[in-house]
Amino acid sequence: MTTKRRKPSTKQRALETLSRLKVLYPDAKCSLDYESPVQLLVATILSAQCTDERVNMVTPELFRRFPDAAAIAAADLSDIETLVKSTGFYRNKAKNIQGACRKIMTDFGGEVPQTMEELLTLPGVARKTSNVVLANAFGINMGVTVDTHVKRLSNRLGLTKHTDPVKIEQDLMKLLPRLDWENWSIRLIYHGRAVCNARKPACDRCQLADLCPSGVSITPSPLPTDAIEVSV
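Letter by letter, the sequence shown follows residues 1 to 232 in the working numbering.
Check each hint, because a few of them may be wrong.
What the hints assert, rightly or not - Below are the DSS-like pairs computed for lysine-lysine, each with C-alpha atoms no more than 30 Å apart in a straight line:
no., residue 1, residue 2
1, K29, K174
2, K161, K22
3, K151, K85
Said to hold, decoys possible - Label pairs and their in silico Cβ distance ranges:
no., residue 1, residue 2, range
4, S86, P26, 29 to 35 Å
5, G110, E16, 42 to 48 Å
6, S9, K167, 31 to 37 Å
7, S86, N197, 36 to 42 Å
8, R65, D210, 46 to 52 Å
9, K29, D164, 26 to 32 Å
10, L120, N197, 28 to 34 Å
11, K95, N155, 31 to 37 Å
12, R64, H162, 39 to 45 Å
Think of the hints as simulated: they come from the structure by calculation, not from any bench. Here the structure is a predicted model, which is why all the values come from computation and not from measurement. Where is the CB? At the ideal position from N, CA and C, for every residue including glycine.
Work out the full structure: start from the sequences and follow the hints.
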């Protein structure tokens, strides 16, 4: 009598995916350059619909001239606009950056708040930005950062059926250990850039192919970590 192999649960597949991502990208970290929580906040706001690579080209001069919340709050808005123009939607981004820094100065004593509730009161800050800042600046995991890569790959991997980032985040929070919420996002972003891109995912060399209901049904051969190249 042949025993039918039980199909792994969604949670089991999520945990196995996480385990493999840790092996593939052991040194993965936030791709944005920053030296303080407020600089990370600003960089994350700028990263909306823009690559981290572009943001990292813009922020050195921005932070040289306006290194902290006080300086940004007191700056001429047109100067901020000029410095961040190449990131796209620069007028709205500059307005939000200055508005957030002014609120940080008036309501939070010049320090970036360390709770989700308080961060969400800042102009231009939603859950994605809050999660990035809390996890990377303060080591606080309050949720799962859902960007375009995390949204795309989580759906392809069959870990969610939603398109709304908040609902995707809720699904992932149920599947993954809290300590790994930000680790998951960062490593999945690396994998999205290196292998599972939007237009033509490289299923033939994907180390998650056998776990992925959307990809080619194969068992991938071992791939050295240093063979995976990631561009931000």
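For the pair supplied as a hint, K29 and K174, confirm whether the alpha-carbon distance does not exceed 30 Å.
23 Å, holds
Do the beta carbons of L120 and N197 sit within 28 to 34 Å of each other?
The hint (28 to 34 Å, Cβ to Cβ) holds, given that L120 and N197 are roughly 31 Å apart.
Falls inside 31 to 37 Å, the C-beta gap from K95 to N155?
Check passed, 32 Å falls within 31 to 37 Å.
I want to verify a distance hint. Is the separation of the beta carbons of S86 and P26 within 29 to 35 Å?
Given about 32 Å between the Cβ atoms, the range holds.
Are K161 and K22 close enough, with their CA atoms no more than 30 Å apart?
Holds, at about 24 Å.
Within 26 to 32 Å: is that where the Cβ-Cβ distance between K29 and D164 falls?
27 Å, holds
The hint says 42 to 48 Å between G110 and E16; measuring C-beta to C-beta, is that right?
Holds, since G110 and E16 (Cβ atoms, about 44 Å apart) stay within the stated range.
Please test the hint of 36 to 42 Å on the beta carbon pair from S86 and N197.
Violated, since S86 and N197 (Cβ atoms, about 23 Å apart) do not stay within the stated range.
Starting from the hint 46 to 52 Å, judge whether the C-beta atoms of R65 and D210 obey it.
50 Å, holds
When you check the alpha-carbon spacing of K151 and K85, does it fall within 30 Å?
27 Å, holds
Cβ-Cβ distance between S9 and K167: within 31 to 37 Å?
Because 20 Å falls outside the window, the suggested range is violated.
R64 versus H162 beta-carbon gap, inside 39 to 45 Å or not
41 Å, holds
Comparing the model with each numbered hint stated earlier shows that hints 6 and 7 do not hold.
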